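Trainee: Construct all of the structure, not just a fragment, from the sequences and the given hints.
So the sequence lines, in the order shown, correspond to chains A and B. 129 is the number of the first residue of the first sequence in our numbering; add one for each residue after it. 5 is the number of the first residue of the second sequence in our numbering; add one for each residue after it.
Honestly, the hints are just simulated from the structure, not real lab data. Mixed in with the good hints, there may be bad ones.
To be verified - On the chain B side, residues computed to face chain A include the following (Cβ under 10 Å):
id: 1; residue: Arg40
id: 2; residue: Arg416
id: 3; residue: Val436
Just so we're clear, the structure is a prediction, and the values are computed from it rather than from any experiment. Glycine is no exception: its CB is placed at the ideal position from the N, C-alpha and C atoms.
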Amino acid sequence: MTDSAPPEKYETFVRLFVSHEARLRGFVRTLMPHWDAVDEVMQETSLVAWRKFDQFDPGSNFMAWAAAIARFESLKHLRRKSRERLVFNDDILDLLAEESLEESEVLEQQRAALGSCLEKLDARQKHLLQMAYQPGVKFHEVAAEAGKSTQAFYKTIQRLRASLLSCAERQMKQAGA
Amino acid sequence: MKKSPESLLHDWLHGEISAEDFERLQEMLRGCSELRKRLRHEVNLDLVLRDHACLDASLRSWIPDSAQDNKILMPVRFLQRPRVAWAAAAALAAMLAAGLFIRFQTNPVVAARQEEMNQGSAILTRVMNATWQNGGSQPRSGDTLGTGLFQLAGGLAQIEFFSGATLLVDGPAELEILSPWEARCHSGKIRLRVPPPARGFKIHTPEMQIEDLGTEFAVEVDPEESSTEVHVFEGEVHAQPTDSDLVVLHDGEGLRRCPAGLKAINTVRPEDFICLERMDAMTQSRAKSRFSAWKEWKKQYCEDDRVLASYTFQRSCNWERAAGNDASTTVSFCTGGIVGARWTQGRWPEKDALEFKRPGDRVRIRLSGVYEGLTFACWIKVDGLDRKYNALLLTDGYEPGEPHWQILEDGRVMFSVAYAIAPDRQEVADKVYYTPVIFNHSNLGRWHHLAVTYDAVKGETTHYFDGKQVSRETLPDQQRRHVIYGSCEIGNWGLPAEGHEFPVRNLNGCIDEFVIYKLPLQGTEMVTLYQAGKQD
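Mentor: Encoded structure:
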């Protein structure tokens, strides 16, 4: 498959996939119970999308096309792990999938805004978030490391999250005005 | 008390929601588009936070520990340019063109890594019984040293400057590295060997500046007497005492500067200063005694009937292709078959190890029986994490009860076991147990003890690194499961089912010992395993 495809095709695909990857990841996370599962689904999605890339109409919306694949791969994954307790019912999954697709541009602007809001935090706040969200750690472990109770740590993180979200909202409003 | 929709949402995001709360959240989501929107925004924020943390962690993990947590020894700086998305895209395109499997990264970490520039001045190549001052900086052999203070409380250290000069420090001593071409000795005894390319290397002391013209010489600084002595054993040295004229010194000449004035030293004392040859001999004898102690200790654990298989990877000839199994209950089929992997030096000069480098390198083994748990313990030197998954030990397939142990590209270790989702059903699921990031820039290329224990009855997995527990996880509702093996491989993923997308999982590194137990060992035993086998 990969041997025979012309190089321009790889480039087109890579360009499209890379530019939509963050949106797709967010989309998949709304459907999946945790981030580790998102990685697995994203891998499958990228492979299936590459395999089916011939069927993609270059004039159409790549995000919509790839999201359809991601959604299908997510469901496959969830069914495989049907003993996972924390999986939404199909009707909710449908709602979430549909709505996040509609909203995907807004979400992208929000991510950009969040990125610049994150930069504005002070070093201590950045460090806390960095500890809390680094790969493979659990909240209560990080709390212990930071010398706080899990409750207090949660609260701090929650406050930071809330302020980031409202900062992003303000920025987006300004940009839109 | 009932939780608010927000806190339910947060519990869900952190994967810490109870089944009951989850049902409630689901009901709320069904009826409220505003809450669904909130969920999407919170997920979006999570995505951003994780991306940032992941990028930070990846960059941080490529800076040596010593640079991160001490201020005395100045950190080796890595210059990092801004994230360049096109570079990542180009790298991906190259991967595709090469016909390799596709994998997309959230962050162009790979691109950022390629931009690293090492700003060190020297390498600490060897230490012997070294202790460090104030419990501050604890550099290990192999560390890159930047500019800054190097405070040895006792023992010996060998520093090789990037200019080519080799400096031996005999503790207690305080040295300040100024550049690849210059160092300041505040106190203690040092000896330098300066080959022609490093000619012009300078040593400063409180009383003197010494410029080397390609030689071997030694310096002793005694702050209490405010004195500096320089002894030249070979070649030529220019010594410039403070407020005095330049003195040119040749073989066998020396100079002492103290408050009383300048004095020529007629008989230099090479035996007073540690030399490379003596340091070599000491290192060798130390390695010999560690190796014999380990061999002695190994005898008793070979008799441990909890051991299912023990591969010590010691060859009888260069073309040895069998990996002997030293377990007491050895049966011939437990002998491993070495494919591709080459013999190399292990933890000590007399100990062998297998080097896994190429995609085909592996050791094939076959283990039979059904067990209630396991322990994998190995001595490993990881040289790089080239693959998405880097194999330690994997069964060929992934049937219920079969374990997979591997290192992820980001430096976390992952252990997983497959299980049948229900006794009467064919479908297989798996449970993965991760550690935090263990392998990073500062411990690549070094020997480490890595272990995992799994209790199939309790569903409990514990990971260990150098004898210390790094993570433990117990499944609350695990039903009694079991462990089986069949054909497996060390250092690669054998013969995966056809069409699998990620078959290339070869390890880039060396394994010097691999032991498999029939049950989970206790934490205290892990400490013993580590202590008995550690390099020095």
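Trainee: Taking 10 Å as the limit, does the beta-carbon of arginine 40 of chain B come near enough to a beta-carbon in chain A?
Mentor: 6 Å, holds
Trainee: Would the hint on valine 436 of chain B be counted as holding, given a Cβ-Cβ threshold of 10 Å to chain A?
Mentor: Hint on valine 436 of chain B: holds, closest Cβ of chain A at ~7 Å, below 10 Å.
Trainee: Regarding the hint that arginine 416 of chain B lies at the interface with chain A, is the smallest CB-CB distance below 10 Å?
Mentor: Since chain A brings a Cβ to about 5 Å from arginine 416 of chain B, closer than 10 Å, the hint holds.
Of the numbered hints listed earlier, not one is contradicted by the structure.
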